[in-house]
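With chain A's structure known, arrange chain B on it following the hints.
Residue strings, one per chain:
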Amino acid sequence: MAGIELTDLSTVYPNGVRAVDDLSLSIADGEFFALLGPSGCGKTTLLRTIAGLEQASSGTVEIGSVDVTRDEPGRRRVAMVFQDYALFPHMTVAQNIAYPLRVRRASRTAQQEAAVRTSSGLGLAELLERRPNQLSGGQQQRVALARAVAMEADVLLLDEPLSNLDARLRLEARTFLKRLQRELGLTTVFVTHDQAEALALADRIAVMSEGRIRQLGSPKEVFQRPANTFVANFIGSTPMNLLPGVVNGGLVDVAGARLKPPSGVDLADGTQVTAGIRPEYLHAATGEEGITGTVSIVENLGVTSLVTLECPGEVMVGVTVPEQEEPAVGATVTAAPDPGRLLLYDGETEELLGEAKVAD
Amino acid sequence: MTPRQVLRRTGYVAFMAAVLAFFAVPMLWLASAPFDSDPGLGLAWPDWTLHNWQVTFDHPYALGSLLNSIVLGVVATAVATVLATLAAYALSRVRIPGRDALLYLLLLLSSVVTGTAAMVPIFVMMFQLGLINSQYATGLVIAGGMLPAAIFILKDFIDSVPRSYEESARVFGASPTQVLLHVVLPVARPGIATITVWAFVQAWGNFLLPFLLLRDVEEQPAAVLLTTLKDEGGSANLTVIPVFSLLYAVPVVALYLFVSKRYGFRFHGGIKA
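Chains as they are written, first to last, in this note's numbering: chain A, 1 to 360; chain B, 1 to 273.
Worth flagging that the hints you see were computed from the coordinates, not collected in a lab.
Quick caveat: nothing in here was measured; it's all calculated off a predicted structure.
Pulled a few chain B residues facing chain A out of the computed Cβ check, cut under 10 Å:
1. S164
2. A169
3. R170
4. G173
5. S175
By construction, the Cβ of each residue, glycine as well, lies at the ideal position given by its N, Cα and C atoms.
The following block holds chain A by itself, in its conformation from the complex (with noise of 0.2 Å):
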């Protein structure tokens, strides 16, 4: 069991490409910790850096108070699960399991005990006979956890665990990684590009591009409370509207609106602002201030659909309304925020202001 501890991490490229720039990050023990991010930000090189397969440029690397950094992968006691899973497709499932006892010289008893011990936790004792290729998909991740957990590491890196699976399976696998997470104990780091992931799965979720983190906190508060406009823009099922407003007489013009700034948030008049709210967070409204706009498109959802409203200054709002609400197309509809729910973004440097936290 060790927590993990970066410091000052940058991982450069023979190209030049900074993948990891200047990171610091402090993974506590046990935790089920998320490295999201668009394709191209540094997460899965951040992770390739923890397991020692990329080597660092500058900056320390420590597990379980250990430095690590210059350490060959095999010796950091870290374990991982590849995106394609890397399960040897010239060995059986039992012989894939016990690799890592038998790079250790392990006895072919001490094997075959570890290979049926990890394979029966995770449903896998039938197949222990079988070569990779004869496997489905989820039994084939499976079998590559089980590789993982019979190292008896003391961290797991998962890189992005569920992208090869379908879409159905994959939340059946999304609840198993976080059960076995949980009754493991073990510290994991995951790397996804899919935010319902992250929110799902985590504990903690570092939100990143460019190799540097843009957000650390938990899944509530990146949902609710993005700290700036990348963040905002990339988490959520639905688009976050971001909507260009000015501070004027205490109130803020948004789209038509004249909407109240979240409390503690005290702006002098004329300050450009970007106004943030989720399409989940606007209501419609009867009598109460709220934007106002024409419904141009309607898209079902399922339980709710999504409405876009075309706004004064050809401004688009999305607005989530429950599946019995539905306007029709052409209607007028007014969109109010519910309580606390508005956040606003400096206009120039596109942070959140006021604090990112939430109270829980």
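Chain B alone, transformed into the frame defined by chain A:
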């Protein structure tokens, strides 16, 4: 069917039969002539006898030359396969500036190095090293000539093997040797098998190098001896040649069948994405 279609069909079948016969006749000759009491260069129903075999086995150099061929083939194949595998793995995984240019250059030069143009320098070099009439040295020269092509083909193959296999093994604590033995070689096995057979066939059929470097008839492989099988009049010895040709063909066919059955000739790594 319209008459036109019948005509087209007949023409097609006749053409295919002619092509088939062109390739089948030498094979049939190889099957029948060794057992004919009076073998000729034409194809005829044999007058069955084992006399030709008796004569061939009594030939002072025939069986010895086949053994020489095996030594030469094994040496050349072993050297070429082992070195090509290691080189291809390194070239596939390590970033070297100008790597591809180097490979193409090697491939280009290899046709010169063992080609006719380099025969004289190679002979002089081997002569001065005192390696004329050495089967091992000749095997080495043949292997050298095959290496660039073998490296080129194997590198392409290993390029297609995902690195995540090796990285995974490294994370689990495998040393570089363990990574090579446990993961890389088994995964690359179909490619290595292909190169092994290819190299053996090349060495087995090589005439020019052994002809040049093995002057002593006792050291000569079958490919060279075959040209010296003549009777007193200087024309082809048709008692020995058919049997000898058949024996000469057997090892290559056997090796191909064995490797194909045991390893299979596949050019993919076998990861399931």
